[in-house]
Amino acid sequence: MCRSIEKGGKVLKETLLRGRIVRALAGYYDVAVEEEERETPPAGNARVPRRSFLRTRARGRLRELGVTPLVGDLALVQPTGDGEGVLHEVLPRKSELVRPPVANVDAVLVVATLRHPEVDLAYLDRLLVHVEHARLEAILFWNKVDLLDPSEREELAALAGVYRRAGYATFAGSVRTGEALPELRAHLAGKVLVLAGPSGVGKTSFLRALRPDLSFAVGDLSRKLGRGRHTTREVVLVDVGQGSWVADAPGFGALRLPDVEFPELGRLFPEIAGHAEGCRFRDCLHEREPGCAVRAAVERGEIARSRYTNYLAFLRELREMHAERY
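Using this note's numbering, the first residue of the sequence shown is number 3, and each one after it goes up by one.
These aren't lab readings, by the way, just hints derived from the structure by calculation. Remember, predicted model here, so these are calculated numbers, not experimental data. Hints are all accurate, no fakes.
Now the in silico label distances, taken between C-beta atoms and shown as ranges:
#	residue 1	residue 2	range
1	Gly85	Arg327	48 to 56 Å
2	Glu181	Gly202	13 to 21 Å
3	Pro272	Glu156	23 to 31 Å
4	Gly62	Glu181	49 to 57 Å
5	Thr82	Arg327	44 to 52 Å
6	Met323	His118	30 to 38 Å
7	Gly83	Ala315	52 to 60 Å
8	Asp261	Asp122	17 to 25 Å
9	Arg307	Gly280	16 to 24 Å
10	Thr179	His324	44 to 52 Å
11	Gln244	Ser97	17 to 25 Å
12	Tyr30	Arg178	35 to 43 Å
13	Gly169	Met323	25 to 33 Å
Cβ coordinates follow ideal geometry from the N, Cα and C atoms, glycine included.
Just need the whole structure built from these sequences, with the hints factored in.
Structural data, given as structure tokens:
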């Protein structure tokens, strides 16, 4: 890509490359610049572009403009030799997360398990509230189904149905056996995702299933750029093929509820929002108000009682948060 760049009052012709920021550390930005496609190992079942990595520093003008590059940003960079370069421009973002700091995210992939570890539905629903508040797609993957007995599989099928009926793309399978991974991979194609979920559910194993050479993908980046190994305290964006990128990132841990007004909380539960249109009162909070269509839907089994119970618990927590302001 050839761009005109203003420098010292003159316009010079320089070749700028388009790339994506895959890591940000101490004022340096590691940018993956696409070269040509290659095949992943056969187990990966996806084409992954061959990439060169540049360690860049942001051009001073970006700092003057108050632009802070983020992992996930598409950027224009100029190689300066020895694997280094200058980051000249950050292209317009379509979305931005604050925690973790990632740009251009399309969806959050929530990994959960019914057992090993035991599912915490309050934690799961809290994650989904944050995803809804960020106006991103939530994708739910139930892992480790190969460890379940027949009765537990039936229990998981019922629970997965709760979230599917709420409007979430829901998959149940196993990273170890590969069950449901082809269908999930097809759904992830072309998306930039953040990986979320509690410890022990298999998030790292999931990444390795999508990208069998993950140790190469992240470790080789560190070696090429002369940095230490990736830790969970930093954000790293991994290309998993089929146009998909996954952020292996901290930030979706113990989450405080988003600071919203009380009526907004119900809109962060899609199935509650859908039934709320039938409530007698416009500002109905779905507690004890007469003519509440949401409570009626719970009684009919159209809204899962577990989801409604967590909504009420979050509403109480939100009231406590608001009380702390004064």
